[in-house]
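If you read the sequences in order, they're chains X and B. Quick note on the numbering used here: the first sequence kicks off at 6 and runs consecutively. Quick note on the numbering used here: the second sequence kicks off at 47 and runs consecutively.
Just to be clear, a hint being listed does not mean it is correct.
Claimed, not checked - Distance windows between CB atoms, simulated:
no.	chain 1	residue 1	chain 2	residue 2	range
1	X	371	B	60	28 to 38 Å
2	B	82	X	366	21 to 31 Å
3	X	345	B	86	37 to 47 Å
4	X	366	B	174	41 to 51 Å
5	B	168	X	366	44 to 54 Å
6	X	147	B	303	54 to 64 Å
7	B	468	X	147	28 to 38 Å
8	X	366	B	85	40 to 50 Å
9	B	468	X	181	39 to 49 Å
10	B	346	X	181	35 to 45 Å
Said to hold, decoys possible - Partner residues are not named here, just some residues of chain X that face chain B (Cβ under 10 Å, in silico):
no.	residue
11	58
12	59
13	256
Just so you know, the hints here were simulated from the structure itself, not pulled from any lab data. Glycine residues also receive a C-beta, built at the ideal position from the N, C-alpha and C atoms.
Single-letter residue listing:
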Amino acid sequence: MRASGISRGLATWIAGLILAAACGGGAGPVAATAGATTATFSPALQAIVDAAKKEGQLDLVWPGGILDGPNELTPQIAGYKKMYGLGDGFKVTFTPGPQMPDMAAKIVQEAQAKQKASTDVFLGTETHFIVLRAGNAVEKVNWTSFARNIKDPSIVAPDGIGVQVQSTVVAFTYNTNKIKGDMIPKTLQDLADPKYKGLVATTSYAAKLDRIASPQIWGEAKTLAWVTAFKKNVAGFINCGEEERVASGEFAIFAFDCGTFGATRLAAKGAPVAFSIPSDTPIITYYYEGVPVNAAHPNAAKLWVDYLTSREGQDLMYGTEIADHAKIPGSKSAADLKAFSSIKFTDVDIQFVDRDAAANVPSSRGKIIGILTAK
Amino acid sequence: MLLLALVPTTLIVALLVISLYLSLRTSVLDPALTLVNYVSLFGDPAAVDAALNTAVFSAIAVGVAMAFGVSVAWVVERTDLAGKSVIGALMTVGLIVPGLFTAMGWIFIGHPRIGALNTWARDAFGATDPVFAVTTVPGMAFVQGLTLAALVYVLVAANLRAMDTSLEESARMSGAGWFDVMRRVTLPLAWPGLLAAALYVLTIAVSAFDIPLVIGVSNRITLFSTYVYGKAFPVTGVPEYGISAAFGAFMIAFGILLGAIYTRMLGRARRYQVITGKGYGPRPVRLRRWAFLAWAFLGAYVLVAQGLPLLLVLFESFQPFTGPPTADSFRTLSTGNYGFIADQLGDPESTIRRSLQHTVVLILLAPALALALSLVISWVVLRTRARFRFALDFVAFLPHAVPPVIFALSASATALFILAPLGLYGSLALLVITLGLSQISFATRVTNSALIQISTELEEAAYVAGASTLAVLRRVLVPLLRPAVAFGFLWLALLAFRELTMASMLFSKDNITLSQETWALIRGGASTQAAALSIVQTAVLLPLVVVYLRYANARS
Chain X
6 MRASGISRGL ATWIAGLILA AACGGGAGPV AATAGATTAT FSPALQAIVD
56 AAKKEGQLDL VWPGGILDGP NELTPQIAGY KKMYGLGDGF KVTFTPGPQM
106 PDMAAKIVQE AQAKQKASTD VFLGTETHFI VLRAGNAVEK VNWTSFARNI
156 KDPSIVAPDG IGVQVQSTVV AFTYNTNKIK GDMIPKTLQD LADPKYKGLV
206 ATTSYAAKLD RIASPQIWGE AKTLAWVTAF KKNVAGFINC GEEERVASGE
256 FAIFAFDCGT FGATRLAAKG APVAFSIPSD TPIITYYYEG VPVNAAHPNA
306 AKLWVDYLTS REGQDLMYGT EIADHAKIPG SKSAADLKAF SSIKFTDVDI
356 QFVDRDAAAN VPSSRGKIIG ILTAK
Chain B
47 MLLLALVPTT LIVALLVISL YLSLRTSVLD PALTLVNYVS LFGDPAAVDA
97 ALNTAVFSAI AVGVAMAFGV SVAWVVERTD LAGKSVIGAL MTVGLIVPGL
147 FTAMGWIFIG HPRIGALNTW ARDAFGATDP VFAVTTVPGM AFVQGLTLAA
197 LVYVLVAANL RAMDTSLEES ARMSGAGWFD VMRRVTLPLA WPGLLAAALY
247 VLTIAVSAFD IPLVIGVSNR ITLFSTYVYG KAFPVTGVPE YGISAAFGAF
297 MIAFGILLGA IYTRMLGRAR RYQVITGKGY GPRPVRLRRW AFLAWAFLGA
347 YVLVAQGLPL LLVLFESFQP FTGPPTADSF RTLSTGNYGF IADQLGDPES
397 TIRRSLQHTV VLILLAPALA LALSLVISWV VLRTRARFRF ALDFVAFLPH
447 AVPPVIFALS ASATALFILA PLGLYGSLAL LVITLGLSQI SFATRVTNSA
497 LIQISTELEE AAYVAGASTL AVLRRVLVPL LRPAVAFGFL WLALLAFREL
547 TMASMLFSKD NITLSQETWA LIRGGASTQA AALSIVQTAV LLPLVVVYLR
597 YANARS
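Next up, chain B with everything else stripped away, as it sits in the complex (with noise of 0.2 Å):
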């Protein structure tokens, strides 16, 4: 079980190390190990820049995340508004709204020219200045922490919904209004585990793609991962590995910064945490006549996060080309792109069947592959006395807390270069590993929690019955397992769904996803055909939810 462990973990730090190595060679087939990577990227103005950007971004997309997610949060778990149930379900379908769509979206609502917000404003009041411009770094910053604001809300709903209310009870006894009892009790008592969360999406924030790609490319703005794929597919010459390969072992420095300092608050938050139960239930806060505000402010919510976009999205797809909604644009509604998509569905040769078709693979087989592999590795730090077995469990965070673009890079750079034979350039089966090695570390997090929980005394039972470990692992622990390996598939699944980054920077006639073919219709030119499949992606998409959130509630 160790040696079985020991290969996704190594395989993890030899993409890494291979990326740290390219870094130091100025071409992939030149031997000569160099720093000229890294003086190149010092002394290159646009490097400096993506580093600022992305700075100024994440710092922007996480405190507008943790303003809607923990604002939400609060509200659906701990007052007694009617009907909260049902934005609960709002923020977790907003996860699965792929960031190409909510981009597009946003486009045709906050951009200076022929954003509605800024036509309406200009037409309405006269403004010659936009009101908010999405092509800007806070601009899309503003949209991307929108879109992470529904994985901020999962993560403190939780945290929030184990938290004991007795020291609220005790301080409201006392006399505390209910924003002393937020300032003095709750938030204090709540940080570390928001400040986890805020770590976790921070991370993703540095390293957000789709967003940055669909938005700041074409307005002159560059962020780490554009930057990074701007050189591993350059607009002149050959591929530049080896200075991405030096900004991305920065990236690789500070996502295993961020990724000690994110297990230790989590240490911490568990150390904060007092489990309910034991009898005391959890009191909601009465919000009486403040209830009316409450669902104002959850209904703009949804209704600039994910109603507006995706509404636009719509239009957008009945079209038969781009524009921003006007009276005449009604007068050119057809059903035409839908037509295209129905064809396209029908010829087992096109790129949208074939795209359907790797989807349907990928999601199956990465979830698979990761959940299967990170079984192995919490059993073996959770069950056994292995040395470095904690170093195992770090190293399966880390794929989370390094860019995916990186991560994409090594793998390119390794399947081409160095693993030739094995003709995995190209395959679906490398991006299928690639993305399965990138689950691990959500996929650790929930085969150790869930194995956590299960007591050793079933398996020690098993073992005196004279069971093998294999045994013991087969009929006794994963059948235990099983509800949280199938929760833990969903979710992953949905994450394949929607990856770009990845598919974009392995990308072959052979692995083409969804996501991908609808990236090349929006850069081809197709923008409503992209609309049409996005829309009918999220239709085929609903099933998933619909079970993701039913068992979701059936756990709660």
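Chain X with its partners taken away, still in its complex shape (with noise of 0.2 Å):
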């Protein structure tokens, strides 16, 4: 036995490997630059920067696949720290985490447990928003008090508990190779036919359907039966963000997906997928982001969401996610939608299930999860 040569090899590797730990350890400096900023600030957002100059750091976890394009992320991070003159040293990190439902379980736990936050900022539609809301896990901020960039209210959500950063519309994305002519849906309700038998791709937490079966929409008694025989079509679940999935030919057909902008950008790469607005249920919905009430970066956050919401930062999101906010003025989004203005849209945002409780209506979630889930 050559032990010792062994162990020497042995000894290198793990040599290697520490050296290979250390050269990437500790807050080294950031890739992008950042000068500092000769911008001057109200009183209130100076405080802000201040407070997050202290904090000297900000960690995003999100789901991956949204808002997280290396293309994307990087400059916003670099444009960020120079909009708030926060300097080369200041640490910026974005690890890709759990599904938005599970990140939101996630961060209402820790706020039950009083643990710091896994993230600084967190990333949602209405739904999400509405568990921290009821879990008491979300911090409520005045936005217009003190942001240089968050000047529209109507993109503030209720009691400030996030902001609105990107709209999208929520549509079926379906594989152009195995979707054609006749085949395309073109409605909701297209898609419980018998001949989508085995095709479809759904997200097992019932993305969007929930809000289709509220009065403002379809109405309860409608969603369910039409759910009903949706499900015999479903041939798998899959999650926001897996659109490759349907560009695979793995399933034909993804509804809801989470917003056009995943067939899109798959379409800009050359994959065979396209979407289909259903022309019964068109809806638009909103990614919201804000501060978990035990965020070990608070401020830094704060400044992070006003940052997303500049023309810069949309410009950025929009460069790879091929969607921005359509109500941010110099939105390329708006622009985009003026090819469907013969549709009238619905807005969902927290305020569309606000409106539902406050006519005490109950939530169709639950059925619809477990119509779609059993055998």
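Using the supplied hints, reconstruct the complex from the two chains, each of which is provided in its own coordinate frame.
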């Protein structure tokens, strides 16, 4: 046995690993350059900036596949630091985390245990922010009192629990090699047709289907009847951001997708996917960002949300996502939406859900998930 | 030393007790004890479904693993097949291929709609039904079985190698053909060892996570591990630790039962085993014209179990988006994903860079912790007359029998609610400690068997010369145990590298690992980048595998 040679080899390999770990350790210089800004801030904003500088760091955790493109986040981080004069030493990390429902549950649980939140900024839709609000897990912020870019109160969630950073049309993503001509679904009702049996993927958490069940759109009875028929066509469950599985042909249709940007991004890479907007249930939904109650760096987080609603942050977002917020002046998505000017979209936001709650309309989500996931 | 040995064993028991305790509470914050979780569990059709699926999945996976693993082990260890050492090496390499790779690869082989096998059957023969559907419980179990076959090979090969061939020789001298020898001599002699191997892989199959996660969840198939994961990270509301823990309670009981049977089987296997030596070397079966058939079998296994999935992952790694290999897709080959990985590795704040750092720490510290604690436990069990020392050994084996998802669930709840002031929640330390504790079962098997082989005379001489227990450990035992400990370290480091279950359950930005990052890329719709990362990981792992193989060969 040549143990000594083997031991040396092992020792060299371990030394290499330690070196690799050591080289990447600590808060090294950030990749993006960010000089100090000469801009002057209002006293309220200056106080937040000063507090953020003291925090010295921002940790972002949300699901991969959304608002996380390397050509999007890296320049956004550089722009963020520059806009508020945070300096090169300010550290920003992004880590792809669990899906939005899982992440919301995690944040609520951390709030209950009075532990630091897993992320400084929570990204989610109205569904997830309602979970956070119910669990007292998200900070109520008076955004317009200090923010440089958040001027339009209509993009701020009730009580300031979040800010809309992106709007998107929810549609059906389909594989253009497998779904052609008359097979392209035009309405939500179409997808209940048996001809789609075994072709459709949906989310196990019934993304947006619960909103369709609102009296503001279809109402519960009609929706549950539709879900019962639709369920027979469902071949499997995928998550938001997994439109690749439609491109691969594993599933022919994804309904609802979580925004047309998924299909648009893939199509730009040459993937055989497109989207179809259901004419009977056209909805626009919003991605919100907010600050969890026990965020480790709440001031840095507030500045991040403010930055993301700036024109610069929005343009960088559009560059990768092919979607920004249609209500923010200069929006490219607003221009894209003009192609669908004949469609009257319903805004699905936190206020939409609150209207149902005010009318004592119970959520149908559990029932829909129960039907979809039952054998 | 006894007190030191009690630390890890107490922690193991504590984690299991906490899991049971959680199963008796509706909420971690509500102190009232209740059986409502058990009532909910029995009333949940999904739980019953998951239990049945797990039973079928485990049975098929073990069957497939044993069929392939034992056959390959027999050919490699008991025949004169030329070049068979290559197969032995490939089987060991198969152990390090993460389940995520295998699952991804098999989607492109056996998916009913896009799998190459089914597409080919449709195009060539007009088949209307899939010839093989990986998206079914038996399909997933087959894939899991193929991956476990490598482990069965490792376990059974040692058994076959150590078996005395004199009885087989006698049977042959009496005119028995090889089939009769196999049926009436070899298998009866080997069966306790085979049964022990089957039980060992059964415990792994029952708690399998990565293949059910990648293939099963999207195809509406829930197994035990994915059910528990789903409850811990629910699509609505807050985590239901209680229901997960209630399911876990049954799995703990099942695991303890399996552990007890395994220990008993191992004892019987040792009784049956006749160590070769004393001038009697094993005489290999001469295959002659059957050698071609043996090579065909081995080649087919390696191709199907390891070659094809790896090739497909390699192909995907050069694609801009995921899809089955077609003539068109060869026109879109690019190295863009590798460029992405390189860029990420160059950025100190990137997730891939950080996950690499965390993984390095994890694969160095978790095995080291496990082996250090195991050495202490083994010493107490084998070198002292302490009361309950065998109970320590049994507890040390429990982490293997109890699914990792339960261990991780308990560790997460403990760190979050019970030991909150320690700041362990979400830390890399929590992952290292939990994984280290779970690795104690394997590590104690290594240190037990190594310590048994060392005569106590050397230690006694040291004691007589006035050495303390610590000095005896440091100056006598540790140097003698070094080869076994190094072997165990390498093995555990490989397992830590591919670990996904605990990494997913205990995930945070501060402890994300490469396997978790690969899964995040897949889930985020960047499967081809995940494929590239997987290929890079394999390339990084190769030096470790080479060292391992050289060590394994040197030891044998």
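Taking each numbered hint in turn, which are not upheld by the structure, reported in ascending numerical order?
-> 8, 9, 11, 12
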